[in-house]
Every structure is written in structure tokens, then in C-alpha cells.
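Could you put together the complete structure from these sequences and hints?
Chains as they are written, first to last, in our numbering: chain A, 1 to 305; chain B, 1 to 417.
Calculated directly from the structure, the hints in this document are not laboratory data.
One or more hints might be untrue.
Okay, the calculated bits of chain A under chain B, using three or more residues with CB under 8 Å as the criterion [to be verified]: (1) 60–66; (2) 292–299.
One side only, chain A facing chain B, incomplete, derived with CB under 7 Å [unchecked claim]: (3) Trp-87; (4) Pro-90; (5) Gly-98; (6) Gly-103; (7) Gln-129; (8) Asp-131; (9) Ile-132; (10) Ala-167; (11) Arg-170; (12) Ala-196; (13) Lys-198; (14) Pro-227; (15) Gly-228; (16) Ile-229; (17) Tyr-256.
Beta carbons are placed, not taken as given, at the ideal position from N, Cα and C, and that holds for glycine.
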Amino acid sequence: MFTTRLLAALALTAGLASPAAAKIEVVATLPDLAALAAEIGGDLVSVTALARPSEDPHYVDPKPSLLLPMSRADVLIFNGLELEIGWLPPLLVNARNGRIQPGGTGYLDASTLVQTKLQVPAGRIDRAQGDIHPGGNPHFTHDPRRAAEVALGIGARLAAVDPDHAATYRDNAQRIATELRRLAKQQAARFAALPAAKRQVVVYHDSWVYLADWLGLEQIATVEEKPGIKPSPGHVARVLSTMKQSGAGLILQEEYYPRNTSETLSKLAKGALAVLRGGVHFERGETYAEHTQEIADQLYDALTK
Amino acid sequence: MPRCYRLALALLTSVAPGPALGASPADDGASPGVADELTPEERAAIERALGADSEARGDAEVTPPTAQPVGFAAVLQNLNPNMSLILDAAVSYFSSAPLQVGAHDPNHTGFTFQQLEMHLDSNVDPFFRLDANLVFSPFGVEVEEAYATTLDLPAGLQLRAGQFLTRFGRVNNTHPHAWHFIDQPLVNGKFLGGEGSRGLGLEVSWLTPLPWYVELVASATDPAGAATARSFYGAEDLGISGLEDVLYTLAVKQFFSLDDDWSLLWGLSAQLGPNPTGNGNRSSLFGSDLHLRYRPLEHAGRTSVELTVEGMFRSRQVPDDALQDWGMYAQLVWQIDSEWEVGLRHDFVSGVADDYLDPDEDSARNRTAVEAAFYPSHFSRVRLQGAYDRPAWRDEPIWAVSLGLEVLIGAHGAHSY
Numbered sequence: 001m002f003t004t005r006l007l008a009a010l011a012l013t014a015g016l017a018s019p020a021a022a023k024i025e026v027v028a029t030l031p032d033l034a035a036l037a038a039e040i041g042g043d044l045v046s047v048t049a050l051a052r053p054s055e056d057p058h059y060v061d062p063k064p065s066l067l068l069p070m071s072r073a074d075v076l077i078f079n080g081l082e083l084e085i086g087w088l089p090p091l092l093v094n095a096r097n098g099r100i101q102p103g104g105t106g107y108l109d110a111s112t113l114v115q116t117k118l119q120v121p122a123g124r125i126d127r128a129q130g131d132i133h134p135g136g137n138p139h140f141t142h143d144p145r146r147a148a149e150v151a152l153g154i155g156a157r158l159a160a161v162d163p164d165h166a167a168t169y170r171d172n173a174q175r176i177a178t179e180l181r182r183l184a185k186q187q188a189a190r191f192a193a194l195p196a197a198k199r200q201v202v203v204y205h206d207s208w209v210y211l212a213d214w215l216g217l218e219q220i221a222t223v224e225e226k227p228g229i230k231p232s233p234g235h236v237a238r239v240l241s242t243m244k245q246s247g248a249g250l251i252l253q254e255e256y257y258p259r260n261t262s263e264t265l266s267k268l269a270k271g272a273l274a275v276l277r278g279g280v281h282f283e284r285g286e287t288y289a290e291h292t293q294e295i296a297d298q299l300y301d302a303l304t305k
Numbered sequence: 001m002p003r004c005y006r007l008a009l010a011l012l013t014s015v016a017p018g019p020a021l022g023a024s025p026a027d028d029g030a031s032p033g034v035a036d037e038l039t040p041e042e043r044a045a046i047e048r049a050l051g052a053d054s055e056a057r058g059d060a061e062v063t064p065p066t067a068q069p070v071g072f073a074a075v076l077q078n079l080n081p082n083m084s085l086i087l088d089a090a091v092s093y094f095s096s097a098p099l100q101v102g103a104h105d106p107n108h109t110g111f112t113f114q115q116l117e118m119h120l121d122s123n124v125d126p127f128f129r130l131d132a133n134l135v136f137s138p139f140g141v142e143v144e145e146a147y148a149t150t151l152d153l154p155a156g157l158q159l160r161a162g163q164f165l166t167r168f169g170r171v172n173n174t175h176p177h178a179w180h181f182i183d184q185p186l187v188n189g190k191f192l193g194g195e196g197s198r199g200l201g202l203e204v205s206w207l208t209p210l211p212w213y214v215e216l217v218a219s220a221t222d223p224a225g226a227a228t229a230r231s232f233y234g235a236e237d238l239g240i241s242g243l244e245d246v247l248y249t250l251a252v253k254q255f256f257s258l259d260d261d262w263s264l265l266w267g268l269s270a271q272l273g274p275n276p277t278g279n280g281n282r283s284s285l286f287g288s289d290l291h292l293r294y295r296p297l298e299h300a301g302r303t304s305v306e307l308t309v310e311g312m313f314r315s316r317q318v319p320d321d322a323l324q325d326w327g328m329y330a331q332l333v334w335q336i337d338s339e340w341e342v343g344l345r346h347d348f349v350s351g352v353a354d355d356y357l358d359p360d361e362d363s364a365r366n367r368t369a370v371e372a373a374f375y376p377s378h379f380s381r382v383r384l385q386g387a388y389d390r391p392a393w394r395d396e397p398i399w400a401v402s403l404g405l406e407v408l409i410g411a412h413g414a415h416s417y
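Here you go:
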């Protein structure tokens, strides 16, 4: 009797210990979400990112090869707030995988984990305002405090999908959230010490509101007058005069946006241009915290130059 | 005795290769850990009870709760389907009588209302999704497509049922707003029909578990329709009296990521079905399509270059003869940035004598077109296209110029590859 129980226990342990046997397959649309999931899941999960950090997450090529990891996935983590609406929906249908369909246990919209969203339209929205997102600005992964909320949510979901390791997922998520909150606080304090005039920024696409919110930066203009629509010369001229009047010296943009306009503007305003990577180098093993630290340093250097 | 079962179960769980093999919580609602606690008798009892409940309630299974959209998004979304409306209109000049083949092509000098397409889609329940494309034209409303797609069949299978565009080749399964050029390729119009190959029927596709993307598609559809099954029953609906009267479409699609920036999609397709020229006479279509795409991931801005080549061979049994012809198009499109795109396309179709569908077209036709498109935003585009058309059976070539406008409102449409 005792022997059978022991054997059963041994067999179970052997199964869990062999890494290939029971890995939870996680697919994340953005490398930032993939990096969080990989850190939370550790050896228990295998994570695939659909987009590279150098890709504009609004316009990822829906290559049929992306269907392969999606068809096997136990969990799909996506940004939400319509960031991926231009490419994810058909992939989701063609993946033929009920676990990651809306309502499935593996369908995780990361934006639902973020308590406070910014730029949530108050009234009726209209496409004449540009390509705006009805649920609010979707670029919350630029803020480690919100990434901490997402990490806790991913931990909870992995715990639900793989209850045998629930404690591991929750502990890891908690540890990462604490680390990110500490990092956020540290950097916020460092930036707060800068004079207010130094903390003014101009952004290319309106994708840095969460970062500005975190670091106490004041966004005084966007080079794109309306999201997703190429700026007109008249608007660029207005941005330039705003920059001159306010003394704001820094233009901020992701590396996947064209940079000629920003370069010219920063020259004319005698300022600087900071071209930041759009996301974590997940494919090179970078963690979300490492990437965030790097962005903060890059930004701090640019602001204090 | 139950202990032995428990041991066997534990052993099975330990060697099962992960969640894919029925141990996943999403598959059966019980996690591997919980499953170990149950004896087979207990599991069987639960399944019996669930089965009885389902029968009693007349429903299927309960889906687990997930996070709901919050705030304004929830108010907007409700349970309405995604809806969008796309208008295509053009103004054109043709140097002599046009020979356009597509049902929505600009086809005369002056203004053409190409189409007003309404697209609706939504998940029906956890098992199905519905897609509908209704096309409004000055002549009325047409149900272009209306089909249900399964969402969660096992083993990589998917079914589509209803009226749909068949997956023959590359361009056939797409709508005009996904095309780079303002009109349909000649070979598609001549072989498949002005509306493209489509019909009422059933399609099964299988996403194979191979390490690269390989999808197998098979469908059975109605072989009638002058603009939708032209090489088969076409305008003469002789009805379906047996399996041999159905139009079968078979396709293999493969995708290769050559590296981060280059990719290749390759398809092979076939259509087999009856034609109306005599009892038992059949038509067959064979096609191959290649889509080579370069999109540099490290490049700022959205630039890409793509080459698409699609060729088709057709054979039709007619009384005392077999008509064989072929056609192809090749197009090169350069998306310069998010606003500008230019493209070049060449069309070719061969001709045969005594073609019962196109009695005039006994010789070849070549058409060359160039286009330039400007996208003010993601939801609108203005296109200018010029074409030089040389049907060998006509004395003079046809020069054509079209200026087209396309605008979209409603749900953000997604792009397929």
C-alpha cells in the first residue's frame, strides 16, 4: 500500500521535473508582455513573442507562421485597447484554439489588468480625430507601475491554468511587481529632482503618456497632430514655436517611426532627439526591468545634456 | 483496486507531453493535479451527470469567466457585431470599348460606383463565428459572403459553412479593398468569374502540426453562377443530383520565413466540377500562387516590397473536344511608406477557338497596368491606375486611366497576410 503511494508520488514528481513534459505554452503579442510572462513562468513555461521590439505594434505583419505557436498556446497575452486590432483578430480565428478565444481560460487582455488608463475619451469619439482608441491610450507597457499590475495578473492567470504550480507563479509575479515598483519609485525620484523646465518633452506619436505620468514629465506637444496621421507642415511649425517658447528641448519617439521630421525639429529648436526602443529585446533574453532601466537612463541623459 | 487505477493515472499524467494531450484545464475543466485525486469511477460519474444536465438544459458547457472590458469600451461594444462600411468609386477613361472582367471593375468612361460593402462579424458563441459581406450596388443588395466558422475543433481542423469565396489561389479569397489594383486580374475574371469563385457549401481546412505552416483546404460548393463558377455550370444551373455535380476545391498553402525580413507564401490549388456542355462533361482548374514579401523589421516607417505571381491552367471537356487554356498575372508592389504605394502588374490569358464562354476571344490577351496609391490615413486611399490592354482579336489596343477613391468607416478592419 505504502509502496504504491510512493511509486505514484515518484512518477508524478518525475513528470513534473522533466521540462519538456508539462510546459505551459504562452504566446504574447508584444515582447514586453512576453518578457514578463517568461520571468513569472520560469522553466514552467515556454514563451513566444509575436512582435519584435523594432516592429510597430499597430502594424505587425500577420504572417501565417504566427499561427503555429497560437494553435498550441495555453495562454495568449495581448495588450488590448485595440492596439493589435489591425492584425490579431484573423490570426485568433485561424488559430483554431478554443483555449485562447474570448471566454477561454487562456485569453488574457492585459489592459483589463491595468487599473487606471489614460486618455480615455470622455465624449463621443470620431475618426476625424485620428486613429484614436475608444478604451484609452494603449501604450501602458511603458510604465513599470502598470507593468507590475500586469505581472500580478499574468501570475494569477498562470496559476489558474496550471494550479500545480500556482504558488510559484504568484510568488514570482509578486517578486517582479515589487521589483518594478521599487524601480519606478527610484526613477521617479531621480527625475523629480530635475527642474520643471527640463522635464518638458515633445513626442512623435502619442505613445508616451504613461511614461510621462510615471516620470513626471510634461508632454507639451505631439509631432503627429492626430494619432496615425502624418503631420502637416503647419502643425510642425506650431510644434516648433511651442518648443521655442517653452524651452522644451527633447523629442521622444520609438525607433519604428520615421525620424526626419523629429530630427529637423530638434535641430531647429536646438534640442535633442531621443529614439527609444519600442520594447524589450525579449529574443535576446533581456528582462522588462533591464529594458525599463535602460530607457530611463537614456531619457535622463538626454534631458540633462 | 482503485489504488491501482490511481497509480496508472499518475503514471499516465507523468508521461503525457504537456497540456495538449487532454490534461489542459481548458480541455476538460480539470487540472492535472485535480485529476489525480479522482478515480475513474468518480470521473465517469461526473461526466454522466454533466451529460444529463446538458440534455436537461439543452445547452453545452459553461465557459469560465474572464475579465470584462471596462468603461467606455464596454458601453461602445455591447453585444453588437463589428460593422464596417467600405465605399469604392472611380472615374475612368477608356480609349475604346472596355473589356473589363471583374464585376466591380471600373468598366466605362465616366463614373463607376464599384461597390458599397458592408462587413459584419462576431463570435456567435464559444463554438462559432459569423462573417457576412453584403454588397450594395445600384442594382440592389447582394449577399457576397455569409458563413459560419468553427472556433475550437480539435486537431487543427476548421470548418466553414454557408456562402463563401473559395480558397483557390491567392487573390480569389480577398475583397476588392484588399487589392492593390483597382480591378480584378484577367485570369480570375475569365476562369473563376467576375465575382470570384464562391458559392454555397462547406469547407474543411487542416492546420497540420508540421514545424512550418502547412494548411490543407478542401471545399464542396454549388457549381452554378455565371459570375461565381464560370468554368463550371456557370449561368446554366443544371442542379445537383449526385456527388459528381458538386464543385470541389482543393488547396495546399505553405509559408516559409526565409529570414526576419523575407517571407514566402506558396499555394497550390485545384477545382474540379461539372460543366454544362454535355452529359458528364467536366472542367478542371489547376493553379499555383507565389507571394514573396520583403519587409525590413529594423526599418523605421512602414515599407515593404512584394511580388505576387499566380498562374492557372484550365481544361474543359466539350462535345468531341477538350478546351485547354491558361492565364497568369504577376504584380510587384512597393509600399514606400505609410502614405505612398506604387505597383506594376502584367496580366496574360490565352485564348482557344470555339470557346463556348468567350466566342470572340480566340487568341491571347495581354494587359499591363501601373498604379500609385496615396493613403491619407489608415481608413482612406486615393488610387490612380493606368493600363495598356492588348486583346489580340481586336484591331487596336485599349488605353485606360482610372482614379479611384476608397473610404472605410466603422470597425477597424484587420489585414490578412
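| Structure versus earlier hints - violations, ascending order | 2, 7, 9, 10, 11, 12, 13 and 14
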